[in-house]
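Student: In order, the protein sequence lines correspond to chains V and X.
Start counting the first sequence at 1; every next residue gets the next number (the numbering used here).
Start counting the second sequence at 1; every next residue gets the next number (the numbering used here).
Just to be clear, a hint being listed does not mean it is correct.
In silico BS3-like links for lysine-lysine, alpha-carbon gap of 27 Å or less [stated by the list, open to error]:
id, chain 1, residue 1, chain 2, residue 2
1, X, 80, X, 167
2, V, 80, X, 46
3, V, 46, V, 80
4, X, 46, X, 167
5, V, 46, X, 46
6, V, 46, X, 55
Chain V is faced by these chain X residues, among others (derived, beta-carbon under 10 Å) [unchecked claim]:
id, residue
7, 14
8, 34
9, 37
10, 41
11, 43
12, 84
13, 86
14, 122
15, 149
16, 168
Listed next, the stretches of chain V that the computed footprint assigns to chain X, with coverage defined by at least 3 CB atoms under 8 Å from CB atoms of chain X [stated by the list, open to error]:
id, stretch
17, 38-48
18, 145-151
FYI, nobody ran anything at the bench for these hints, they're computed from the structure.
We put the beta carbon where it would ideally sit given N, CA and C, even for glycine.
There are 2 protein chains.
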Amino acid sequence: MLNVRKNCEDILPLFRYDVNGQDPELIWHLTEITGFFNISEVAVAKELVLERLNKGAESGYDFVIAEHYGKLTGYSCYGKIPCTQSSYDLYWIAVHPDFQGKGLGRQVLNESERLIRESGGTRIYVETSQRLQYSGTRAFYEHCGYRLESVLEDFYAPGDAKATYCKAL
Amino acid sequence: MLNVRKNCEDILPLFRYDVNGQDPELIWHLTEITGFFNISEVAVAKELVLERLNKGAESGYDFVIAEHYGKLTGYSCYGKIPCTQSSYDLYWIAVHPDFQGKGLGRQVLNESERLIRESGGTRIYVETSQRLQYSGTRAFYEHCGYRLESVLEDFYAPGDAKATYCKAL
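Please construct the entire structure, taking both the sequences and the accompanying hints into account.
Tutor: Right under this line is the structure:
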């Protein structure tokens with residue numbers, strides 16, 4: 001048997017868009033296990049799921065949740081930016097370490113973009129740190145057609161700038 | 001008697017920092033009467049007051065409310081930006097038309113900056129439109145020591161860019 005690298009076509013994730021009572025904990029664990037987010041970021045990720053659970057669509061937070069045989073493998077959280085005509089923020093995107101490097105992040109992103117486009121969105125913004133640790137994240141966005149639009153020096157902390165990427169749909 | 005222009009020293013506003021049950025309506029009216037904000041922006045301004053009323057300090061929204069003989073004359077809404085070490089957003093600042101041009105906006109801003117500094121804040125960000133209508137707003141921030149850090153084209157709508165200003169404390 002050929003030892004082929006599993007790619008996105010092999011995984012065939014199932015997407016769902018409604019959040020349920022288990023998701024706050026599951027997404028807390030998912031974002032925590034990636035190692036990319038600190039404790040306050042993980043807490044915010046969970047909080048946005050709770051906001052969606054409590055307020056529904058009015059929360060302004062929409063989700064794409066990827067599952068593989070019932071296991072949460074990745075997700076995105078996005079929403080229309082208040083007071084804009086058709087701009088959206090991609091607040092969170094994360095993929096379980098076991099499923100990284102297989103195209104799942106791109107699939108989750110593509111699905112989010114499809115839904116944003118269907119909702120009339122014309123621009124998607126995503127923010128990330130300029131720290132070395134996030135160079136892979138930045139390369140991912142650039143590879144997916146996002147363009148660096150601005151850098152705010154010392155935004156997250158001294159020496160830790162915020163990079164804002166944008167994709168026009 | 002000399003016909004002197006009333007300035008900030010003459011007004012001597014009283015500041016309060018707690019919001020009460022009347023404030024959502026009062027701040028709705030204040031932001032609406034300025035003519036600077038559209039209906040969805042006015043709704044967001046009110047919503048942030050409600051968030052503060054419902055969740056207290058945990059909401060992440062702090063307020064400086066200026067009064068003159070019991071009348072709401074201006075206010076600001078600011079808060080620490082989640083997942084940053086010491087960066088703050090100035091979400092809203094507005095002054096009643098009867099009190100504009102008298103230095104009250106600057107007093108409200110100074111008071112907000114003082115409280116942010118006392119809380120350990122090191123940077124304040126404020127966002128506004130690049131449209132001509134807001135040239136006075138931008139001049140105000142620049143006059144108060146804020147520096148233009150980034151411009152995101154077509155952010156609010158096609159042809160309507162977002163300008164982000166920053167002041168390092």
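Student: Each hint needs a verdict: does it hold in this structure or not?
Tutor: Hints and how they fare:
Note on residue 80 (chain X) and residue 167 (chain X): the hinted pairing holds, with a Cα-Cα distance of about 14 Å set against a maximum of 27 Å. Note on residue 80 (chain V) and residue 46 (chain X): the hinted pairing holds, with a Cα-Cα distance of about 19 Å set against a maximum of 27 Å. Restraint check for residue 46 (chain V) and residue 80 (chain V): satisfied, since their Cα atoms lie roughly 19 Å apart, inside the 27 Å limit. A distance of roughly 26 Å separates the Cα atoms of residue 46 (chain X) and residue 167 (chain X); the hinted pair therefore holds under the 27 Å criterion.
A threshold of 27 Å between alpha carbons decides the hint, and for residue 46 (chain V) with residue 46 (chain X) the separation of about 25 Å falls inside it, so the pair holds. A distance of roughly 17 Å separates the Cα atoms of residue 46 (chain V) and residue 55 (chain X); the hinted pair therefore holds under the 27 Å criterion. Proximity of residue 14 (chain X) to chain V is violated relative to the hint, the smallest CB-CB distance being about 30 Å (cut-off 10 Å). Hint status for residue 34 (chain X): violated, given a least beta-carbon distance of 15 Å to chain V, over 10 Å.
Hint status for residue 37 (chain X) relative to chain V: holds, with the closest Cβ pair at about 9 Å, below 10 Å. Nearest Cβ of chain V to the Cβ of residue 41 (chain X): about 5 Å, under the 10 Å cut. The hint holds. Proximity of residue 43 (chain X) to chain V holds as hinted, the smallest CB-CB distance being about 9 Å (cut-off 10 Å). Proximity of residue 84 (chain X) to chain V holds as hinted, the smallest CB-CB distance being about 5 Å (cut-off 10 Å).
A cut of 10 Å between beta carbons decides the hint on residue 86 (chain X): the least distance to chain V is about 7 Å, and the hint holds. For the restraint placing residue 122 (chain X) at the interface with chain V, the shortest Cβ-Cβ distance is roughly 8 Å, inside the 10 Å limit, so the hint holds. Annotation: interface hint on residue 149 (chain X) holds; nearest CB of chain V at approximately 6 Å, less than 10 Å. The beta carbon of residue 168 (chain X) is positioned within 10 Å of a beta carbon in chain V (closest approach about 8 Å), and the interface hint is therefore held.
Under the rule that three or more residues need a Cβ within less than 8 Å of chain X, the assignment of the stretch 38-48 of chain V holds, with 4 such residues. For the stretch 145-151 of chain V, the stated coverage by chain X holds: 3 residues have a C-beta nearer than 8 Å to a C-beta of that chain, and at least 3 were required.
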